[in-house]
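J.: First to last, the protein sequences are chains C and D. Read in order, the letters of the first sequence are residues 1 to 221 in this note's numbering. Read in order, the letters of the second sequence are residues 1 to 229 in this note's numbering.
Please note that a few of the clues may not be correct.
[Stated by the list, open to error] Using C-beta positions, here's what the derived DEER-type ranges look like:
1) D:L129 to C:I89: 40 to 46 angstroms
2) C:L219 to D:S111: 27 to 33 angstroms
3) D:L52 to C:V105: 17 to 23 angstroms
[What the hints assert, rightly or not] From the derived model, a few chain D residues whose C-beta atoms are all more than 12 angstroms from chain C:
4) Y28
5) F43
6) A218
If you are wondering where the hints come from, they were derived from the structure by calculation, not from laboratory data. Glycine included, every Cβ here is placed at the ideal spot set by N, Cα and C.
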Amino acid sequence: MGQNRLIAGLVVVAIVLFAGAPFVIDAAPYESTMGLIQKIFYFHVPSAMVMFASAFVCGIASAIYLARRTPGSDRMAIAGAELVVVFGIIVLVTGPLWARKAWGVWWDWGDVRLVTSLVLWLIFVAYTLLRRFAGPGSDVLAAAVGVFGMANVPFVYWSVNVWRTLHPKTTVVRTLSPEMRFPFYWCLAAFLCLYVALLLLRVRLERSKSTLEAVYAELED
Amino acid sequence: MTPGFWKTVGIIARKDLVVEARSRELLYTTVFFAVAVVLMFSFSFVVDGAPLTDAAAGILWVALAFSGTLALGRTFERERQSETLKALLLAPVERAALYLGKLIGMLVIMSLVVAVVGPLVVVLFRVSLDGVFWHLLGLLVAGGLGFAGVGTLFGAMLNRSQSRDVLLPVVLYPLTVPVMIAGVSGTAALLSAEPNMARAEVWLSMLVFFDAVFLTLALWVFDAVMAES
């Protein structure tokens, strides 16, 4: 089982990276104006990146499912959507914590990344609710939500951008000092390994579920 | 012999409107619901006898979104009760025509709601429409089209699902956030003491762009989803 080994490998790497993360983050220099609170950045930004990537995984898989109806794309879409919700929780908890210290407010409606993340998260919560409660045919319905959700991102982003923004620009990553860049990429690697491992596991779970259902159906015949 | 594409669209829209004209159930309930929403907001946002500035724009759009959801739910409930959606899907016509027909029926109902709720907001919130009427109408048409376009698709798809009543707004509101932002911001720019036409036009163009993208997507998805059911 090549895939099992891949998942196990990714989990081990993720554990090692996450175990090392506190030390690496601790070794990084303090940011001049924000001080200690800036260190939340090393978990906040990678989880946000993974969240947006996962939304695209779900959106593209949903589009493929609508066009071709391959079961594999449907499983990938479920896994992607659920991980948007999970990593979204991390983003939406760490974000306000940082904002409270850095800007003095928990939440700012004029900030483009905050609002876009929240709306995206809500869309994928709706996706998982549909899958759970809509009954038969929810797979296609949810796929439509996935496609519309992905198409929504640029519109929400643009709309909020026309208001006003105080969130640090995304180019902040490139302007980081080398001592800060190392722990950032370390954490990004940790989150990416964890994400891919969870994604593959979730797809595998869904595959086992459908195999089990097929076996049950055969038994009843 | 099957009629042409646009003729089919017209027939389906007319069917909805004839059914509605006979009972007027949807129209009366939806309009009164929208009025009730506006009144609820008036009681919560009028402080010391004076309305809050800029509240009018938000109230107008929220009333539209709420009553629009209600109307969408009812119109597809009607199709479900007598299994007429199934009959429509069996008809040898293009799926896209079905979608557009339902959408037009929905838009007519929503325009009638606006015709009642709009003046009500103007009166209750002391709004001046001098020189901004056509811009406002443009925002309402483009916003309504975007909202109803996404709503008709999901209303039709949710038609046979469980808990469809609550799932429709759960899905529809997050997906139409750009419509709400653009509609409310554009309207607020028009209704402020010094109307900002340029700003309203920026939001209007964004709404038109949203409509173009999401109607195209909805037509594609409707075709793909309803093909096998």
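J.: State for each hint whether it applies.
T.: These are the hints, each one checked on the structure:
1. Taken as a hint, the range 40 to 46 angstroms holds for the pair L129 (chain D) and I89 (chain C), whose Cβ atoms sit roughly 45 angstroms apart.
2. Distance hint for L219 (chain C) and S111 (chain D): a CB-CB separation of about 56 angstroms, inconsistent with the stated range 27 to 33 angstroms.
3. Between L52 (chain D) and V105 (chain C) the beta carbons are some 21 angstroms apart, a value that agrees with the proposed interval 17 to 23 angstroms.
4. The beta carbon of Y28 (chain D) is kept farther than 12 angstroms from every beta carbon of chain C, the shortest such distance being approximately 30 angstroms.
5. Listed as outside the interface, F43 (chain D) is consistent with that label: its C-beta sits roughly 24 angstroms from the nearest C-beta of chain C, beyond the 12 angstroms cut-off.
6. At roughly 8 angstroms from the closest C-beta of chain C, the C-beta of A218 (chain D) falls inside 12 angstroms, breaking its exclusion from the interface.
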